[in-house]
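Q: So the chains spell out like this:
Protein chains: 2
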Amino acid sequence: MSRSQTNPKAEIDDHLANRWSPRAFDPRRPVERERLLSCIEAARWAPSCFGDEPWRFIVADRYSEDELDNWKNLLDCLTPKNRAWAQHAPVLIMACASTHFRQNDKPNRWAEFDTGQSVFALCIQATSLGLITHQMGGFDEDMARGHWGMPKEVEPMSIIALGYMGDDLVLDDGLREVENKPRTRRPMSSLIFADRWRTPYFRQED
Amino acid sequence: MSRSQTNPKAEIDDHLANRWSPRAFDPRRPVERERLLSCIEAARWAPSCFGDEPWRFIVADRYSEDELDNWKNLLDCLTPKNRAWAQHAPVLIMACASTHFRQNDKPNRWAEFDTGQSVFALCIQATSLGLITHQMGGFDEDMARGHWGMPKEVEPMSIIALGYMGDDLVLDDGLREVENKPRTRRPMSSLIFADRWRTPYFRQED
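The listed protein sequences correspond, in order, to chains A and B. Under this note's numbering, the first residue of the first sequence is numbered 2, with each subsequent residue one higher. Under this note's numbering, the first residue of the second sequence is numbered 2, with each subsequent residue one higher.
A few of these clues could be false.
For identical chains, the list gives no copy identity; a pair is met inside one copy or between any two copies.
Simulated pairs of lysine-lysine, BS3-like, Cα-Cα distance not exceeding 25 Å [as the list claims (entries may be wrong)]:
| no. | residue 1 | residue 2 |
| --- | --- | --- |
| 1 | LYS107 | LYS153 |
| 2 | LYS82 | LYS182 |
| 3 | LYS182 | LYS10 |
| 4 | LYS107 | LYS82 |
To be clear, the hints were calculated from the coordinates, so they are not data collected in a lab.
Sequences are here, hints too, so could you generate the full structure?
A: Next comes the structure, spelled out in structure tokens:
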């Protein structure tokens with residue numbers, strides 16, 4: 002499943018190396034209930050500042066009869082471009098950050114950061130179970146806020162498509178091309194610094 | 002190593018279940034160079050909005066002679082409470098979020114979120130190698146900005162202590178007590194919602 006160009010000098014864990022964000026979901030294969038629960042359980046165990054656990058999730062499984070309407074509502078929030086392929090994902094999950102600490106109602110500047118950690122735990126758990134995930138930032142926040150009645154201190158961050166990999170023939174030509182490009186990342190020298198900002202930490206170029 | 006009270010109905014991947022945030026670092030055991038590189042490599046492969054890769058890291062290994070001063074600078078940014086135990090960590094890493102998109106210089110509202118994903122990848126890679134991590138939000142941001150000459154659009158988020166587990170006798174009595182408490186998390190019903198905010202998704206209480 003992996004198409005990453007990881008550094009051969011630095012091997013990384015399979016689940017981290019194999020995680021990527023495909024668009025070709027199998028529309029006919031539901032996510033088993035226990036597997037969905039495991040993904041959510043993984044999200045719960047992320048670390049957070051002052052143990053606030055600022056992450057919140059809205060979950061909908063279109064294969065569960067009484068969740069179909071909610072799944073459609075999540076799909077409706079997406080941009081048309083995302084909806085084109087995300088309509089095949091059996092499960093949609095919206096990740097939100099609660100931006101004020103529970104203990105004192107002061108702003109939590111780590112709310113989004115910690116929510117990102119929690120979402121990544123969910124994605125890694127999914128990968129470990131043979132599932133795929135694809136996060137989307139392209140959705141209508143106001144529609145989401147209104148629809149689910151979110152308190153104002155909540156920030157919707159990402160809609161996660163969850164399911165099994167399908168045939169890329171479900172994608173149009175443009176998306177299929179994107180889907181089959183190798184994964185790349187910026188060189189370490191532009192991201193990892195030593196004693197001054199932009200001074201590369203690793204001297205040997207990666 | 003795990004002390005988590007995870008849900009027996011929802012098994013999660015070992016590296017996710019075993020990751021926690023100890024304070025008892027072994028001050029005499031350095032992190033092997035290849036292992037440090039693997040942790041950083043893992044951080045690179047996180048997903049990000051528009052592939053912006055907004056994460057930046059400042060890395061210092063106190064066992065590397067020419068990095069000792071930088072390691073001390075990272076330590077100096079910490080609150081005294083954090084410094085008390087983090088002084089034993091062989092590697093300190095500051096994670097920062099670059100808050101404007103590279104492609105158009107517009108604000109990136111996912112910068113912190115994506116940086117959180119990247120940091121969590123680093124922590125999971127560390128766990129998979131038998132290392133421990135502990136993130137700290139308690140540090141002097143202005144000192145950090147000034148010291149490393151960060152551009153104003155950069156947000157320092159977390160200082161990560163990285164190393165091997167040591168004897169908890171390096172901790173004072175108060176911290177040792179905290180260290181040995183079981184890990185807990187909030188119930189799913191307060192975090193995972195269905196068709197309305199605060200309506201629990203999983204009906205059976207976890």
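Q: If a hint holds in the structure, say so; if it doesn't, say that too.
A: Now for the hints, and whether the structure bears them out:
1. LYS107 - LYS153: both (14 Å within a copy, 24 Å between copies)
2. LYS82 - LYS182: within (18 Å within a copy, 47 Å between copies)
3. LYS182 - LYS10: within (23 Å within a copy, 38 Å between copies)
4. LYS107 - LYS82: This pair counts as between: shortest inter-copy Cα distance 21 Å, intra-copy 37 Å.
Every hint, counting from the list given before, is met by this structure.
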